[in-house]
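Novice: Spelled out from the first residue to the last, the chains are:
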Amino acid sequence: MFRKNYPLLTISSEIELPYNYSLGKYGGRLVTELKQNGRIVGIKCPKCDHVYVPPRRVCGRCFIEMDEFVEVSNRGILQSFTVVYFSFLDPETGKKRPVPYGYGRIKLDGADSEFLHFLEESDFKKLKIGVTVEAVYNENRVGSFKDIKYFKKVEDGDPS
Amino acid sequence: MERVAIIGIGQTKYEREKKGETVSDLVFEAATKALDDAKIGIEDIDNVVTVSNDFWDGRTISSMAVTDACGSYGKNVSTVEDDGTFGAFYGLMRVLSGSFRSTLVVAHCKGSEGSNHLITNAIFNPIYERAIGLDSISSSALQARRYMEKYGITEEQCALVSVKNHKNAKDNPFSQIATDISVEDVMNSKMLSDPIKLLDSSPISDGACAIILAEERMTKKVTTRPVWVKGIGHSTDAYNLGDRDLAEPDALTRAAKKAYEMAGIQDPFREIDVAEIYDAFSYQELLWSEGLGFCERGMGGRLIESGKTTKKGMLPINPSGGVLSAHPVLVAGLARIAEISIQLRGEGSGRQVDGAKIGLAHGINGACGQAHCVWILEN
Amino acid sequence: MGRRVAIVGTGQTYHKSSRKDVNGVELIQEATSRALEDAGLTRKDIDAVVIGNMDHFEGINYVDTWSVDGNGGLYKPVMKVTTGGTTGTTVAIAGYYHVASGLFDTVLAIGWEKNSESDTTAAIITCSDPYWERPTFGGAVAGLAGTACEYMYKYGITERDAALVAVRDRKNALKNPYAHLRKQITVEEVLVSPMLAYPIKLLDICPRTDGACAVIFASEDKAKKIADKPAWIHQVSSRHNYTFLTDIERSGRMPTLYEACMEVYKNAGIRDPLHELDVVEMYTPSSFAGLVWIDALGVCDEGEAVRLVSDGVTEMSGEFPINPSGGVISTNCIGATGLIRVAEAAMQVSGKAGEHQIEGAKLALATGFGGCFWSDVLLIGSPRPN
Ligand SMILES: [Zn+2]
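Protein chains in written order, with our numbering: chain A, 6 to 165; chain B, 4 to 382; chain C, 10 to 395.
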């Protein structure tokens, strides 16, 4: 009765797992500053002076609580980048993330850690580590990471 | 076994929702309190074990989120994704290996951020069980029903556990639900999944707990109130609920046997002075008491009725208010160890059990207490 | 270090992109039985089990309790440890400490993954900060692409230089019956393969694999009885310093791997790793990482890794063979990947590596790499450690 070969099956599950992550008072401050003042704030370690963006409570290096918020520049140096060509399920939206898109690690003037954000440019031939980039904000800011649309390259002589 | 002691403990207050704090903030609070409690600095810690769960945190590699806050920068570090009693066990092994002097173990959970139902539904078999809608509450209801049926345990007897533990919680500054309730209140509370009612259940909680384990030499140098680890054991039962008699906590009995042997305990009910056990639901305190050998199988109901497990009884169980009074998953087992440590140091204030010298802490993993870890501690 | 501990048995599944013929528990059971068979033991001989994977790759919460039928842990102590990409090495290190603690004599360590069961990139994206990083982060491929880009810029490395690593590992995989991708490739093929995330192309990156690995650790007394040639654990170390993807320090070599290696060398009395180590099983998820991580092993000056690779020093016939198994670029069942490095290192020093055996290998290094630059290092050797 079991002589037949049965097919190898898989079953699909499309569970959505919703979460409400706390931003805390440190992340919340950056979001509010982005929205209200179009500026980026970091936090400075009282012991090693390292300035972190985004701000958080603890300097891991010193294991010490930080409370000095500092404004950092909307401009910085591109330290690393990639342009993503393959698409994948975006856990943020549940849909495929549009490609190609460029993103990079930006060391904002006045910060020591780097900031991860989208780049305007999505042609890797036109991108280079070491160039200066600047935040471009959306016209209507809602209090979000995405109030910064992307960072764009600054040509020599652009006023800061 | 070489002598290893708990030299520091730290807990946040447990609350329904700590909206203003990230998991990293909670870990920093617990870790800092444990270091202050031990009167040492982070430089005295040479390795860290964090305890977290990717489902509860909604984050792959959930321990990444707390790297800064757990003080592991430049140190050896690892992560256990089980109850905190298991994480502490790994921390203990690392000290016993002779490679480290002191382990900081820290567990966190924010039950408020995710969906308790979906997260605990993911414990079950994706092909055969999940679609039934099983979760921590409804699966425990199956266990409670089986246990009550097999041994004639009544809903009122279970309710007595809630009454006792929520009252005890009034003396615990860290607890979440501290209140005087009656058996009638429990019986009349909202039915969640028959026979489990709202007041038979532990709450959803946010919080973190940390302990520091140290080798004997360091312990003697830094503290005058060490809590020594005397015995430890863990064991795992079958996965499929259908493969187990849910009324028989056999894995727990094995874990306890190992811990008792190591600690030289022959009659746990008489020799142990205080116990903190994982009562995620009221019936579990009774069932686990049987598994731990505090009474015969099926006698858990009589045990609670006898009053011997109240704070003034022969073996006070959950003087902190237990998991029923605060249930940050994973953290809860580590909190049991922390509470026993407080008892053995005689620092329990209102919840102190007089003259406690030997204590037991207990944690569970998986559905219906599939895996158990038992600690015997001594001052 | 506490009691001496040795690896006395290893087992791997035949790795494929999709193992629809088994479910996860059965896959685990396959590796477990092979390890027991290799050691000549049965389930009865195992005192405790350590297991790891990444939850969101299969969507199973508490895999330690879920897999008890396959992991052999019924009524035994079972524990789950997990640290992302390093999970496999983390599991091995936990297996080591279980035995070194004196509480257990024979311990089974298991790593596994069925990557075919979910969208790997989506799952990996959720390792990053939900608010600040997830919108941009493109998963492991894109993250490694960033590291590659920096390394190219800093040392003038080319895509062609990196391709040599992929070609070497894929060539070695031809000799490993368990490897997932067993087809020779050329530098030209790597360079023209589809661009995934600049500068990483399809043939620069590891595959997604279904597979499991099991390794048995034993105390000295047991090890001598079980194995003819135990693979002794000489040193273990780990480092994980960062919370945000952008926190890594820019000065010098990849900091966590470098620190972990230096700790291991110091404690083992190794002064000249290039000549003292006989073989390395390195967690190289991309061809570029296969260069960057060599610098962090401290076997050459910074930026000089490409010279070792292009001169053939890291070939199986070279002075410093890397990844005779074919490495991660040939097989990547993520939770098992690190443990396979450990198993392969043990097989080399026990003389059990078959066709991909490095003649006379006595001292092997296994490394693990994971999220936010988590690094694990194990030093394994045939001479009994002091
Ligand atoms: Zn600092």
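Hints are computed from structural coordinates only; laboratory data are not their basis. Accuracy of the hints is not assured; some may be wrong.
To be verified - Listed below are the simulated DSS-like cross-link pairs for lysine-lysine, each with C-alpha atoms no more than 25 Å apart in a straight line:
#	chain 1	residue 1	chain 2	residue 2
1	B	K260	B	K153
2	A	K100	A	K131
3	B	K78	A	K52
4	B	K36	A	K151
5	B	K260	B	K16
6	A	K158	C	K275
7	B	K260	B	K223
8	A	K30	B	K36
9	C	K163	A	K157
Novice: Next step is simple, just say for each hint if it's right about the structure.
Specialist: Structure-based check of each hint:
{"no.": "1", "hint": "B:K260 with B:K153", "in the structure": "holds (24 Å)"}
{"no.": "2", "hint": "A:K100 with A:K131", "in the structure": "violated (28 Å)"}
{"no.": "3", "hint": "B:K78 with A:K52", "in the structure": "holds (19 Å)"}
{"no.": "4", "hint": "B:K36 with A:K151", "in the structure": "violated (36 Å)"}
{"no.": "5", "hint": "B:K260 with B:K16", "in the structure": "violated (33 Å)"}
{"no.": "6", "hint": "A:K158 with C:K275", "in the structure": "violated (46 Å)"}
{"no.": "7", "hint": "B:K260 with B:K223", "in the structure": "violated (29 Å)"}
{"no.": "8", "hint": "A:K30 with B:K36", "in the structure": "holds (20 Å)"}
{"no.": "9", "hint": "C:K163 with A:K157", "in the structure": "holds (22 Å)"}
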